[in-house]
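Each protein sequence line maps, in turn, to chains D and F.
Per my numbering, the very first residue in the first sequence carries number 1; after that it's consecutive.
Per my numbering, the very first residue in the second sequence carries number 1001; after that it's consecutive.
Not one of these hints is a red herring.
Heads up, incomplete: computed chain F residues facing chain D, CB under 7 Å, no partners named: (1) Pro1070; (2) Asp1086; (3) Ile1087.
By construction, these hints were calculated from the structure, which means they are not laboratory data.
Backbone N, C-alpha and C fix where the C-beta goes; we use that ideal spot for every residue, glycine too.
Residues per chain, in single letters:
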Amino acid sequence: MSMTKDELLETLSNGLPGSEIQIEDLAGDGDHYAATIKSKKFIGLNKIQQHKLVYDALGEKMGYTLHALSIKTEILED
Amino acid sequence: MQKNAKEMITKEISSNDVHLFMKGTPLFPQCGFSSTVVQILTYLEAPFTSTNVLEDENVREGIKEFSNWPTIPQLYVKGELMGGCDIIKEMFESGELQKILKEKSIISK
Chain D
1 MSMTKDELLE
11 TLSNGLPGSE
21 IQIEDLAGDG
31 DHYAATIKSK
41 KFIGLNKIQQ
51 HKLVYDALGE
61 KMGYTLHALS
71 IKTEILED
Chain F
1001 MQKNAKEMIT
1011 KEISSNDVHL
1021 FMKGTPLFPQ
1031 CGFSSTVVQI
1041 LTYLEAPFTS
1051 TNVLEDENVR
1061 EGIKEFSNWP
1071 TIPQLYVKGE
1081 LMGGCDIIKE
1091 MFESGELQKI
1101 LKEKSIISK
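This is chain F alone, in the form it adopts within the complex (with noise of 0.2 Å):
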């Protein structure tokens, strides 16, 4: 993995309680999946920011090493890897990600 990729990648998700990797913006996402995590995200009100990894080849490809996981979106929270987006959804739907988001002071209802 290209060292300028893995340092952003650290970097995001250790100065970001939460962050997604994701393809496209959350105002115009470019991929069913990722669109669903910014839906759940924004719907809980869970303050977060994102990286674009169709912008930057190295961090699309470094993201999948990193993780150890081949797909893409990936959220993490508190610098941890919670999901892909069947996880988050899975999470969403049965009330965990809202436990564990309040758990940690991201969101507060």
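Okay, chain D solo, but in the shape it has when bound (with noise of 0.2 Å):
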């Protein structure tokens, strides 16, 4: 029940293609990350709608295959 930084790169790269993303081991136990994620996506959406997008991207790995993942949402800049 736990996934190395690698997986959650590649499935948030590959659910909000085009995007920017950091992640942060917090605890080295495959089950604690922090991710900041830059996109266009989030231009015109509120905060709750930005992290939904971010959940989507995980989908059933959010909550099962992944315990804490703290989100950070921006606007990725021109």
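Could you use the hints to bring the two separately framed chains together as a complex?
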């Protein structure tokens, strides 16, 4: 019930193509990460909607494969 | 989703101005993320009610489906999902949370 940093990065990149993603491993246990995602897809959306896009990208993994993910979303500027 | 769970969730968020679905209780949070939201609300002196999702598996799963939001805690203000830990923390740090709570007459200062 965990995933590597690379798996997480790949999942997020596939779900949110064109975004800039940074992942920090918080505990080294494959279960606690902080992700900062910059994407153009966030333009015009409130925080809830932005985070929902990230959760959509993770699909079933969130809450099951991955326990704790801290998310920060930002709009990607040109 | 179980009908009872949905009714309970709807009732809590419609009858309480600020309601937090969390793991544990405000005095004894059982998860760091839940604890952070409690600390912020307490610091702002915002009155709130809470539901401990660990006490009822149907509510724990039901709330995720209800809001289409896969994680807990979830903070509702006037019946609307305001955010989980990350969003509430960010809104608190930027002052936006204080502004909204003031606008909605939940806090005065």
